[in-house]
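Protein chains in written order, with this note's numbering: chain L, 1 to 226; chain P, 227 to 770.
Treat each hint with caution, since some may be false.
Simulated pairs of lysine to any residue, SDA-like, Cα-Cα distance not exceeding 20 Å [to be verified]:
hint, chain 1, residue 1, chain 2, residue 2
1, P, 345, L, 36
2, P, 345, L, 12
3, L, 98, L, 193
4, P, 345, L, 98
5, P, 345, L, 25
The set of hints was computed from the structure by calculation and includes no laboratory data.
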Amino acid sequence: MTEAAAHGAHPPGFAHQFEDMQQQREAGNLGMWVFLVTEILFFGGMFTAYIVYRLLHYESFVTGSHLLEVKFGATNTYVLICSSLTMALAIRSAQTGKRKGQIIFWLILTMIFGALFLGLKFTFEWRHDYIEHIVPGFGFQYRPEWGSLGPGVQMFMCFYFFMTGMHAVHMIVGLGILTVLVIMTARNKFSPGYYAPLEISGLYWHFVDIVWIFLFALLYLIGGRY
Amino acid sequence: MSTATAGAHDGPPESGVNYLNASYGIKSWLLTTDHKRIGLLYLVSVTFMFLVGGLAAVVMRLHLVEPQGALLEPETYNKFFTMHGIIMVFFFTIPAVPATLGNFLIPIMIGARDVAFPKLNLLSWYVFIVGAIITLGAILSGGVDTGWTFYPPYSSLYSQSHVAAVAIGVFITGFSSILTGLNFIVTIHKMRAPGMTWFRMPLFIWASYATSLIAVLGTPVVAITIVLLGLERLLHVGIFDPAVGGDPLLFQHMFWFYSHPAVYIMILPPMGVVSELITAFSRKRVFGYSFVAMSSLAIAVISFVVWGHHMFVTGQSIYAGLVFSVLSFMVAIPSAIKIFNWTATLYKGSISYEAPMLYAMGFIGLFTMGGLTGLFLAALATDVHLNGTYFIVAHFHYVMVGGAVIAYLGGIHFWWPKITGRLYPERWARLAALLVFVGFNLTFFPQFLMGYMGMPRRYAVYPAEFQVLNVLSSAGASVLGVGYFIPLIYLIWSLRYGKPAGPNPWGAKGLEWTIASPPPTENFLTPPVVEEAYNYSGTGGSHD
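Next up, chain L with everything else stripped away, as it sits in the complex:
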């Protein structure tokens, strides 16, 4: 049986409940994909609510969209796409058996891009919004030019902070995962035969990235600004 072979060899990272590494790798990958499906539904709920309200309060939501600074969003989009590239390169390095220093280099670069994204978002963009008094619950002020659209604009901003906030939470979790991966790499846990944690964490990171692409389009770009 394959079991005997697997138990005899004890490859690194092998968990007892599986028959062999192949089964373990497939299970890990499927597990992450199923998790990402739950994430799609999680964000999907928000996107649905956002789209419904956008249809109900079209004018307000367009006004709200125009309050956002595209330059922040666009820069962050660029930063995140770069981080996805470096994440993929980290996995590639492990797969092809490169030195652990190289894997760590790409992982840390990914973390820097991730931190840059959050830094830009919190210290520039959200601070800017706070000064402009467009943060619901924290000194939100109606502007005279909105007229009766005020409550709708506030609701747009509420969705904006809620959705990008949830995304930021996922980014922070991702940074935590990357930290663990750096430690695991430093301790020589990975080899071309076993790099599953890198691979499935990569899936997560790319997913969070893709969610941002949708957020950027639906929150910043939509609404006939260009």
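Mind docking chain P on chain L? Use the hints.
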């Protein structure tokens, strides 16, 4: 269920090492990653929650003995029915079968050593416990009065009770459900033993698979809905407040998008249990195996497109109502396929009426009642009359209690010898099964009548003309309570004094009956090879 060749009967003898005596001490339980021990952790937790939720029901039924209410202030009554609903739905019926029997049985039934992610499995129990503690804490410190459905704008703007804390508890518990579902999906896909093809899987596995799909797809949506509600309650930005352009109906749509499928999270695993019970006690391969298997998936798929039938009278468009009505009727088709196939399995079977079979027969009758009365509610015109009355209460209790709880009890009895290695006292068990059946019907059948005559649900007082029916219902509840209490006593008693069960006390088929009772920690000492599902031919049990 299936025939195992290699390593079938080489489990250790009863005195040998098994998962219960492999290690001792509280730490060996709280840090276990063994799916069987985690199943038992869930068994203890959900039983406790069932007692708490049941206690709330007892108080409600006592209160309703008198038309003006015998015990509680109306505000307190609101808190009691809310507590009953939240605990019974989120903390008992949703996790009951999947997390206890599912955890214990799924890896064994498919011939695996454990679930795919054992640590995640333990984590999901801890998540459940954290959610339960937060919810119970909120209930003890004053409770919540919104009903288990948390409808805004009452829950977001007006309720003075602990809505946010309870919502956080339910939100957290949802992740337990997601993680368990994820674990089961991967386990069933990737961990099956050689020869365990999809169409040789026990029907309990099919039902658990369909359930896990619903849990994984639906729960995230209710999670985000609850977060939106919490946000609305904290910041009052008007997401669900019509005064500033919000839409309370959006909450209902998103809530029922999960909570209707959640009904099938609650009933599909019990249906899987009943499939196993019927085939085991008829000593006959289940009739129309692939239809029963596929009907589970069909129910899972249809469950996601029927949520609007909860909202026929809310101002939803009449065309949406028509579509939801038709789709809701369609759920009857796969449900009926199951009922007919179980009945056909009985035909010419070699039937015996041990306690699990009594529960299974009870399930068939009561679920049929619950299902058919559901059609009254799926029809637009009758729903206008029956919506918000005790008819609905009776309908979903026939499904949730007459269906889910009774099948859960049947399953616990059926697999008790496997889980503990001990037999329960059969006479007491049959008595309890009959008491549950009689008590249940006496409790809830009168509620169909009250509802049809117009008594609204969730009211602390009622017109005197309904008193006879209410007293009958309360009397039934006390019989039902005794029926629940007896198994609690004798099952605990049997842990020490029950007769040793042996590997297969029922002569049932299936991998779990080929190994020792209780099973060894690694389940199978040599990996099983499966050749056929439900092979009851040639066992001398079948009449033909």
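Hints violated by the structure (numbers, ascending): 4
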